[in-house]
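Visitor: Chains F and C, in that order, are what the protein sequence lines are. Mapping of the first sequence onto the working numbering: residues 1 to 327, in sequence order. Mapping of the second sequence onto the working numbering: residues 1 to 327, in sequence order.
Watch out, some of these pointers could steer you wrong.
Stated by the list, open to error - Calculated pairs, DSS-like style, for lysine-lysine (alpha carbon to alpha carbon, straight line, at most 30 Å):
id : chain 1 : residue 1 : chain 2 : residue 2
1  : C       : LYS58     : F       : LYS87
2  : F       : LYS125    : F       : LYS222
3  : C       : LYS236    : F       : LYS58
4  : C       : LYS129    : F       : LYS66
5  : C       : LYS125    : F       : LYS125
6  : F       : LYS226    : F       : LYS254
7  : C       : LYS58     : F       : LYS129
8  : C       : LYS267    : C       : LYS290
9  : C       : LYS32     : F       : LYS87
10 : F       : LYS125    : F       : LYS66
11 : F       : LYS87     : F       : LYS253
12 : F       : LYS32     : C       : LYS87
13 : F       : LYS43     : F       : LYS226
Stated by the list, open to error - One-sided excerpt, in silico: chain F residues whose CB lies under 7 Å from chain C:
id : residue
14 : HIS17
15 : GLY42
16 : HIS81
17 : MET85
18 : ALA88
19 : ILE99
20 : PHE101
21 : ASN104
22 : ASP111
23 : ILE124
24 : LYS125
25 : CYS144
26 : GLN147
27 : PHE153
28 : PRO306
Note that these hints are calculated values from the structure, not bench results. Backbone N, C-alpha and C fix where the C-beta goes; we use that ideal spot for every residue, glycine too.
Protein chains: 2
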Amino acid sequence: MTNVSELQQLIESEISHYSALWDQSHPVNLYKPICYALKVGGKRIRPLMVLLSYQLFKDDPEEILKAAIAIELFHNFTLLHDDIMDKAEMRRNQPSVHIRFNENTAILSGDVMAFLAYGLLFEIKSERKADIISQFTYTAREVCEGQQLDMDFESRSDVTSGEYIGMIRLKTAVLLGCSLKVGGWLGGCDEDVAQSLYDAGICMGLAFQLKDDLLDTFGEEKAFGKIIGGDIISNKKTFLLTEALQRADYQQKKLMGNWLSKEIFNKEEKIHTIKAIYKELDIQTITVNKINEFTSRGIEILESLPVAADRKEPLMELVRNLISRNN
Amino acid sequence: MTNVSELQQLIESEISHYSALWDQSHPVNLYKPICYALKVGGKRIRPLMVLLSYQLFKDDPEEILKAAIAIELFHNFTLLHDDIMDKAEMRRNQPSVHIRFNENTAILSGDVMAFLAYGLLFEIKSERKADIISQFTYTAREVCEGQQLDMDFESRSDVTSGEYIGMIRLKTAVLLGCSLKVGGWLGGCDEDVAQSLYDAGICMGLAFQLKDDLLDTFGEEKAFGKIIGGDIISNKKTFLLTEALQRADYQQKKLMGNWLSKEIFNKEEKIHTIKAIYKELDIQTITVNKINEFTSRGIEILESLPVAADRKEPLMELVRNLISRNN
């Protein structure tokens, strides 16, 4: 069994391999931004999940690297387009593609990344290939639905935590579920095991996104790679905000409402005020509890799988890392 | 054998069927724009080509409607994104999606259309399904490359007619080639016939786009549905312009160069001047000859196919209509 850091090296070297290929592809203005986006990096969680899930059953992860990279490519396609839509100027401490190049580039290079992902999936040798591409397609559609809901929530002030969880399930969690399921299928697992892997991935995805929300408000700027308080500044409906609005008393609700409706404001002051309310309401603890709830459920599902415990350990470790991370 | 107008009705009714479905889908802000884009219509050439190609071999076109609609969906996805990139505010006499809704909508609803297209392809029942989806994926990537080249050409003044033909091959023709090939495969044709169909589609696509260029400058505004002279105003590198620049004498080249570099100008005057040069150089005839050249080659390929002449007639008719059209 290949350990996590070796798997990460495999992923990076495969990404480098394709980047080198695309770096030479024409038209350069279409393919260079793809190399840029991939080089900027990221945690590569999704391809790692594909490989770790496969390793529950089989020992030659290099055989299925294409599937892992396809999912990472798809993920990066969504980042290119989301960053335009969200007007996010930075990504992983670097200018986003639409800033570094321009919006047209981010649209079109993003599009081609989605098709490159399909191209890689087609090169997979597996009797489950059709299922994999079908699941991938369904998931891609759900991810778009999630992004739309996220944007819809921007203009609403009555988003509940339940709606929020439903949104991040689509926007973030289903791709993690898909990653584990695809890895399992490639490993030759049964349908019920594949479904459990998917469910575990959903739990991991929900926990992962809530942790992201937490870090955006309560993290360390340098480690996180984005401005702390960005969600507060942009009135982003996060679990922290939906919970706070739900639990606030009359005075707190009024104060939050005032800040949420201000068009011109001092950013530091807004962050300070909203964070203070979050602290009064113990939102940090509530969020941590929710993260732990999803994590435990994910771990339980993994524990229940009919697979030797030592084979599951790297995946368990990943779950733990996802929620203890500070970036 | 179903005739062309019945096939067109089949296509419209299938599109209405899916539109009704998506009209009820959530989130509405994601799916409504898809219905809008499909309702605005268009010539539905690509799905018709799928069905006509299939009918060279088989008689039940309703069996493969999903493949036809998938390609039309993909085509509309490219229109949504291209119209943002090209800042095209009108499409078929109606506001483009990014104008009627907004840019984010055009990006994301566009994305989901591409995945819906894949979803439909997956529902096809055919032993060639994998080949079809693979060809579709490869074609999609080429279409993106074509759009990039088109944008790259905007900032260049030395684009040759050869480069231009290479660009429209990717941007427009490969999808027509793909449509005929997919129809043929679904009809059960041999590989060499499928390849001939693809080649015929390429010729039709090239002729089709050159006709479009011609109409943009020399067409009738009302019939064409777009402003006549739009390509001239925006300095778009079309076959007309690349040929004119190649054939112009010193004086004409200087005059054209002046108009191409003006940032502020009277639109009517620019159109009038450039059209006058086109007329001096007989660019209209040169373009018509090129269109006829591609059309003849396409017709020849179709004639050479080992299929009864009466089965080919509707496809031949389509080729003739594509180049005699005024919209």
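Visitor: When the hints from earlier in the document are held up against this structure, which numbers fail?
Guide: 1, 2, 3, 14, 15, 18, 19, 20, 23, 24, 27 and 28
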